[in-house]
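Colleague: Here are the chains, one letter per residue:
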Amino acid sequence: MSATASNVTPLHADPLLKWTARLAEGLPIDWTQAAADLSPALLASLRQVAALAGSFAVAADAPQGIGPLGVGSTVGDLRIAAVLGEGSYGTVYRAHDERLDRDVALKVFKGGHRQELLREGQLLARIDHPNVLKVYGAVETDSLIGFVSELLPGESLERWLGRQGKLSASEITTIGGELCAALCALHQGNIVHGDLKPANVLRHRDGRWVVADFGSSQYANDPLGASGTPLYMAPERFTSTAVTASADQYSLGVLLFYLAARSYPYSAETVIDLKAQHRKGERRRLMDLRPDLPRLQIDAIERALAVDPKKRHSSCGNFAAALHAAPRHRVPPLMAVATAAAVVLAAAIWWPVATPEAHRTEWLRTSSDQGVEILSSGATARVGDALALHLTLTDRRYVYVINEDLAGARYKLFPLATSTLKNPLDAGSYRLPDSALDWRITSRGGREHFFVLLSDEPISSEHFQSAQQAALDAPGEGLYAFEPTRGVGGLAPATSEPDAQWLAALKARHRNLEVRRFELINP
Amino acid sequence: MVDVAQHTTQFLLLRSRAGDSGARAALVARIEPLLRRFAHGRLPQMLRHEQDTSDLVQLTWLKVLNKLDSIDLQEPGDFFSYLRTVLLNALREALRKHGRSQVDHVGTDAAVVLPAENVAPDDWLAYEQALQAMPQEHRTLVVMRFEFGMSFAEIADEFGESADTMRMRVNRAIARIAAVADGS
Numbered sequence: 001m002s003a004t005a006s007n008v009t010p011l012h013a014d015p016l017l018k019w020t021a022r023l024a025e026g027l028p029i030d031w032t033q034a035a036a037d038l039s040p041a042l043l044a045s046l047r048q049v050a051a052l053a054g055s056f057a058v059a060a061d062a063p064q065g066i067g068p069l070g071v072g073s074t075v076g077d078l079r080i081a082a083v084l085g086e087g088s089y090g091t092v093y094r095a096h097d098e099r100l101d102r103d104v105a106l107k108v109f110k111g112g113h114r115q116e117l118l119r120e121g122q123l124l125a126r127i128d129h130p131n132v133l134k135v136y137g138a139v140e141t142d143s144l145i146g147f148v149s150e151l152l153p154g155e156s157l158e159r160w161l162g163r164q165g166k167l168s169a170s171e172i173t174t175i176g177g178e179l180c181a182a183l184c185a186l187h188q189g190n191i192v193h194g195d196l197k198p199a200n201v202l203r204h205r206d207g208r209w210v211v212a213d214f215g216s217s218q219y220a221n222d223p224l225g226a227s228g229t230p231l232y233m234a235p236e237r238f239t240s241t242a243v244t245a246s247a248d249q250y251s252l253g254v255l256l257f258y259l260a261a262r263s264y265p266y267s268a269e270t271v272i273d274l275k276a277q278h279r280k281g282e283r284r285r286l287m288d289l290r291p292d293l294p295r296l297q298i299d300a301i302e303r304a305l306a307v308d309p310k311k312r313h314s315s316c317g318n319f320a321a322a323l324h325a326a327p328r329h330r331v332p333p334l335m336a337v338a339t340a341a342a343v344v345l346a347a348a349i350w351w352p353v354a355t356p357e358a359h360r361t362e363w364l365r366t367s368s369d370q371g372v373e374i375l376s377s378g379a380t381a382r383v384g385d386a387l388a389l390h391l392t393l394t395d396r397r398y399v400y401v402i403n404e405d406l407a408g409a410r411y412k413l414f415p416l417a418t419s420t421l422k423n424p425l426d427a428g429s430y431r432l433p434d435s436a437l438d439w440r441i442t443s444r445g446g447r448e449h450f451f452v453l454l455s456d457e458p459i460s461s462e463h464f465q466s467a468q469q470a471a472l473d474a475p476g477e478g479l480y481a482f483e484p485t486r487g488v489g490g491l492a493p494a495t496s497e498p499d500a501q502w503l504a505a506l507k508a509r510h511r512n513l514e515v516r517r518f519e520l521i522n523p
Numbered sequence: 001m002v003d004v005a006q007h008t009t010q011f012l013l014l015r016s017r018a019g020d021s022g023a024r025a026a027l028v029a030r031i032e033p034l035l036r037r038f039a040h041g042r043l044p045q046m047l048r049h050e051q052d053t054s055d056l057v058q059l060t061w062l063k064v065l066n067k068l069d070s071i072d073l074q075e076p077g078d079f080f081s082y083l084r085t086v087l088l089n090a091l092r093e094a095l096r097k098h099g100r101s102q103v104d105h106v107g108t109d110a111a112v113v114l115p116a117e118n119v120a121p122d123d124w125l126a127y128e129q130a131l132q133a134m135p136q137e138h139r140t141l142v143v144m145r146f147e148f149g150m151s152f153a154e155i156a157d158e159f160g161e162s163a164d165t166m167r168m169r170v171n172r173a174i175a176r177i178a179a180v181a182d183g184s
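First to last, the protein sequences are chains L and C.
Note that the working numbering has the first sequence beginning at 1, numbered continuously upward.
Note that the working numbering has the second sequence beginning at 1, numbered continuously upward.
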């Protein structure tokens, strides 16, 4: 497809022009819809242009020099390099730790109780979780107190959201699941975040969602007073009673409601109105705003929004489980009936049937600069990075990992002849291809799919059709290269597109086959 | 009613060349905010302080005003392409002084300076290459809209067209850059 100056095509008759018109206006793009209109390559180009357009706006809008510390000044071992942002609780700086020779973020608080902040900094420093901003510790001088944390390359969820169209059920579950995990880690450390909202969630450049900004954090069961952002605050926080981790769950519910509907459950303009609406239960329902979302997902989010904390999920872990229990896309009602009948039938004949959430898969990336990271939706990877799959099986399975590129060519990444892991794998946790090997990214490429096939019986290689086994690269280095070389730009959850013919045939042949699919997009 | 043409940058440049100090002041007032926005957006975080931005804008202005008589302005918007070139050169010089060269980082001599640190060098290089492969008018429109952050009304003033016409032409330019990046 090409759009040149000489084209006389009416505006928007060309699908590309329809989408670039939104870019020109600075409006968000519904990427799901765009994917339906454009070829994958053109879609990737459009994403690239959109990212650059967004980056100009982001960079130009960034603050230029505010807060109590001047650029070039020092606080302990930290030299202030730039102001990154300013919030209600303080100013965040980019700084360089001259003793450890690393760039860090320094958040200086405007106020607060010095001893409590120091104690909180110590507690946060003990939390080590990929979805929680790593706090290294607290710094204190006569005039200020602040937290030193990792400097995370990326942008806020709020900023990212401004460029997105309607989020899919899958995207909402991915973000919700990662934020639930972050809150679980905080709550386990006896910390309530206290101000969870899109501006306080960061999207790492690798696609990971990270909870940051602990300015409102408190110890669980401490009175929180009136801090926080009212529309995100749990109803019980407007009283003086002690609050629990459930208040964070409520905020996450509001956040996910907002991601899905781009509006809040309550529409009050004053705290008094908001409290009145809490009492009366007058609010928007997600079903009214996003009837296309799976019912289970809507129910999971609505439950987190219960005014009575006792009616919410019993923990953020259970909130995550409820989100993941929902299908990644809505099943049409007629289809749902047919599926339910089929499940009952299957259960009668082939019991036990694997439950969809019984096994866990996580993609890991090792890079020279970032170390080991868990990949999630939208993650990016570069040439030289190494990928591995962390797999937890609840029972014995034959495991196959297949990579399919844009041209439809497939490559068997597991099992490998040289791997120490052999099928079948018993219940337990594994790192694939094995504990000493990775799959290495050797060049850039287009959109690709990864399929993890979990079967209760062996699958013959001939059924993978064009699959070729990944070749051993540089024997002795312990790395495998994809053949042919391929690029990996981002890891996205499974799409709702229909199964390819080979996969449909496999499913027909192996009725208990469970497939985990990931889409890799070159941004 | 004021003639719209008198609001164009070209008009102000011509008057400035003729020694009209008022036109020169109007030119500075018109361009400086756009230049400041452009410069600030290009600076890496470590140099994105108010003083750094001001220095860069000042340096760019000095170079532009010194060459005011020799700037070749054939088409509307040409001045912005020229500004972009001068400013990127000044930025490269500033980065070199700070011992940090984005040009070296992506391994090319092309006029590559990252717009922000959350853009992959390869993506930025692809954008630059696509930009250079486009017709001059398209390149100018993309630069004016995205990089200088100009409104359609501002662009329309420069081209002496309506905002709706420029909206359509900018849209086609963006579609072109996506298509060029795609290789179509």
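Among the clues, some could well be false.
Said to hold, decoys possible - So the derived label-pair ranges between C-beta atoms look like this:
1) C:28 / L:143: 49 to 55 Å
2) L:276 / C:165: 46 to 52 Å
3) C:89 / L:507: 58 to 64 Å
4) C:89 / L:515: 50 to 56 Å
5) L:295 / C:89: 56 to 62 Å
6) C:165 / L:508: 37 to 43 Å
7) L:25 / C:30: 22 to 28 Å
8) C:30 / L:362: 50 to 56 Å
9) C:69 / L:25: 56 to 62 Å
What the hints assert, rightly or not - Going by beta-carbon spacing under 8 Å, a handful of chain L positions derived as facing chain C:
10) 24
11) 49
12) 52
13) 76
14) 244
15) 245
The hints are simulated quantities; they were obtained by calculation from the structure and are not laboratory data.
Positions of the beta carbon are idealized from the N, C-alpha and C atoms, including for glycine.
Colleague: Hints first: check each against the structure and report whether it holds.
Modeller: Hint check:
1. C:28 / L:143: 49 to 55 Å: Check failed, 40 Å falls outside 49 to 55 Å.
2. L:276 / C:165: 46 to 52 Å: 51 Å, holds
3. C:89 / L:507: 58 to 64 Å: 59 Å, holds
4. C:89 / L:515: 50 to 56 Å: With Cβ atoms ~54 Å apart, the hint holds.
5. L:295 / C:89: 56 to 62 Å: The hint (56 to 62 Å, Cβ to Cβ) holds, given that residue 295 of chain L and residue 89 of chain C are roughly 59 Å apart.
6. C:165 / L:508: 37 to 43 Å: Between residue 165 of chain C and residue 508 of chain L, where Cβ atoms are some 57 Å apart, the hint is violated.
7. L:25 / C:30: 22 to 28 Å: Check passed, 23 Å falls within 22 to 28 Å.
8. C:30 / L:362: 50 to 56 Å: Check passed, 54 Å falls within 50 to 56 Å.
9. C:69 / L:25: 56 to 62 Å: Since residue 69 of chain C and residue 25 of chain L have Cβ atoms about 38 Å apart, the given range 56 to 62 Å is violated.
10. 24: Holds: closest Cβ of chain C sits about 5 Å from residue 24 of chain L, inside 8 Å.
11. 49: Holds - the Cβ of residue 49 of chain L comes within 8 Å of chain C, reaching about 5 Å at its closest.
12. 52: 5 Å, holds
13. 76: 19 Å, violated
14. 244: At about 36 Å, which exceeds the 8 Å cut-off, the nearest Cβ of chain C leaves the hint on residue 244 of chain L violated.
15. 245: Status violated, d = 32 Å.
Violation of the numbered hints given earlier is confined to hints 1, 6, 9, 13, 14 and 15; the remaining hints are satisfied by the structure.
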